[in-house]
Amino acid sequence: MSYIEIKNLTKDYGHGKGVFNLDLTIEKGEVFGFVGTNGAGKTTTIRHMMGFLKPQSGSVTINGKNGWTDSAQLKRMIGYIPGEIAFPDAPTGTEFLRRQAELLGLTDMTYAEKVINQLQLDPTANLKRMSKGMKQKTAIVAAFMADPDILILDEPTTGLDPLMRAQFVDILNEQKNKGTTIFMSSHMFEEVEHTCDKVALIKGGKLIAVKRTSEVKHNENKEYKIEFLAREDYLRFLSEAFTILTRRDEQNQVIIGINDADINPLFRTLKGYPIKFIKEIKYTLEDYFKGIYEEDKAHA
Amino acid sequence: MLSKAIFKQTLKSNIKLWLIFTVIMTVLHVLLIVVFNPSTISDMSGLVKDTPLASLLGEATFLGMLSNTFYGIHGILLPIVFIIMTANSLIASQVDRGSMAYLLSTPTKRSTVVLTQATYLITSLLLMILIVTVAGFISIQTFQGDTQISLSNYFALNIGLFLLMFATSGISFFFSCVFNLTKNSLAWGAGLPMAFFLLKLMGDVDSSLEKLKYISMNSLFNTDAVLHGENYTIQYVALAVVGIILYMLSLRVFKQKDLPL
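Each protein sequence line maps, in turn, to chains A and B.
Per our numbering, the very first residue in the first sequence carries number -9; after that it's consecutive.
Per our numbering, the very first residue in the second sequence carries number 2; after that it's consecutive.
These are calculated hints, taken from the structure and not from any lab test.
Just so it is clear, the structure is predicted and the values come from calculations on it, not from any experiment.
Any given hint could be a false lead.
DSS-like mimics (lysine-lysine), calculated; alpha carbons at most 30 Å apart, straight line [as the list claims (entries may be wrong)]:
id : chain 1 : residue 1 : chain 2 : residue 2
1  : A       : Lys193    : B       : Lys258
2  : B       : Lys110    : A       : Lys7
3  : B       : Lys17     : A       : Lys118
4  : B       : Lys256    : A       : Lys7
5  : A       : Lys122    : B       : Lys212
6  : A       : Lys55     : B       : Lys110
Throw the hints in and build the complete structure from the sequences for me.
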């Protein structure tokens, strides 16, 4: 049985809102990205994992325990960043964190201090007057400070500047190396592409696909764009034995698809051609999911 | 069952409001006790004679006057306002704002949250009325030494006041647990107690509106019955039962509902 299992989860809010027959499995130690546009059902799924919502049908099981009935017990091992952050009444960030620690039964604040330093957060500031970024950092500290086994993060980088985003990714990687299981949602592929082991796309409350990022990153089938200096070279190249995906006659450009194993024959052939440039077209996670999504639409 | 940490947080964010209402209520109570000496009472009843207000003022004894002022209006309205504000802030407003997520993302059961918050609300009301009673008792001893006052009736009035407020807080707390939005929690949690208060008041002022009294829960706190030695035990028990049932329902509802956190 997987560490986190979402089985046939359905919550219908009407008007196509909610989640429908969602199935997801997350293994222990995995970093799982959950991508979708606003209103796709990311937060609804996360609220089920946290035991805030009762499934209409289906279930969430975490470490063998039911996400709805054993919710309080499960929180011993879960750190959570809500999608929309609203702190309880507390004068300062420090006081808020102290109270959270009390509720968590946490006495050792060493790790909390470490995260505070890494994020360069000044928690002594007035909690209500904090900027969006500072609030987000405080929320990150609150979720991480007990060093939990599972992190459930609903768009955790909202409001962080690029520098802090990088810091946050460092902290995530640290956790990942420790074996923490991380589930994070995002509306951007780039964000999850580099941090997550697996990424799922959700749209209209339905799971579109799940993909290992390594399969995308280490894809051996690559695409290259080649532009030739002279028209006759371009035309001559077209008759070579390569898979031409696109031809652009006006620019003397071709896009070829090639497996890494055939890369040397390509270069040997190109020796005889004066070319203007050659460029690899990066295949991203987004391209992958776009492809699947468009296929899906074509079938529908 | 109860969380010390949550109770401390609740106390910190709510004690100011409690203090303000307790002080206002105590001062008002003491003032009314001081003012109602035999000569003012006969002056006032002469003043309103043959007007509709006469029935509101009721009989011209010390406790009679106190019943129709403090135990009919101020002493009811002030704690109702306190209850409305506090009950909403204890649950619904925290769900509405989303800050409840920070309680429930720790290993705290929903039932612990509800029981702790309910304990705060009930305890704060008990203490408020206890303080008013003690202050009132001392003032009666100090300023009304010559007047014939049945102390057992006085204490019975205060117990009734507490039971009415206990039941009322049950109403507001229940709706605070039912609704995820402050506006809905307030519409019902404030609307119903205020309606009960006004219906009872209207029924008291005008005999043609007397029937309105019977649809108001507040009529279960019948000061006339207390003062005339009629049996009021059933009404008091009814208020206690209403309160207990509402708090139990609150717990049930909150444990089972969906929370947008």
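Consistency of the hints with the structure:
Our distance criterion of 30 Å between C-alpha atoms is met by Lys193 (chain A) and Lys258 (chain B), whose separation comes to about 26 Å. Using a Cα cut-off of 30 Å, the hinted pair Lys110 (chain B) and Lys7 (chain A) holds, with the two alpha carbons roughly 28 Å apart. Taking the CA atoms of Lys17 (chain B) and Lys118 (chain A), the gap is about 19 Å. The hint holds against a cut of 30 Å. Distance check on the hinted pair: Lys256 (chain B) and Lys7 (chain A) sit about 24 Å apart at the alpha-carbon level, within 30 Å; holds.
Restraint check for Lys122 (chain A) and Lys212 (chain B): the C-alpha separation of about 56 Å exceeds 30 Å, so the hint is violated. Between Lys55 (chain A) and Lys110 (chain B) the alpha-carbon distance is near 15 Å, which keeps this suggested pair within the 30 Å criterion.
In the structure shown, a violation is registered for the earlier hint numbered 5 alone.
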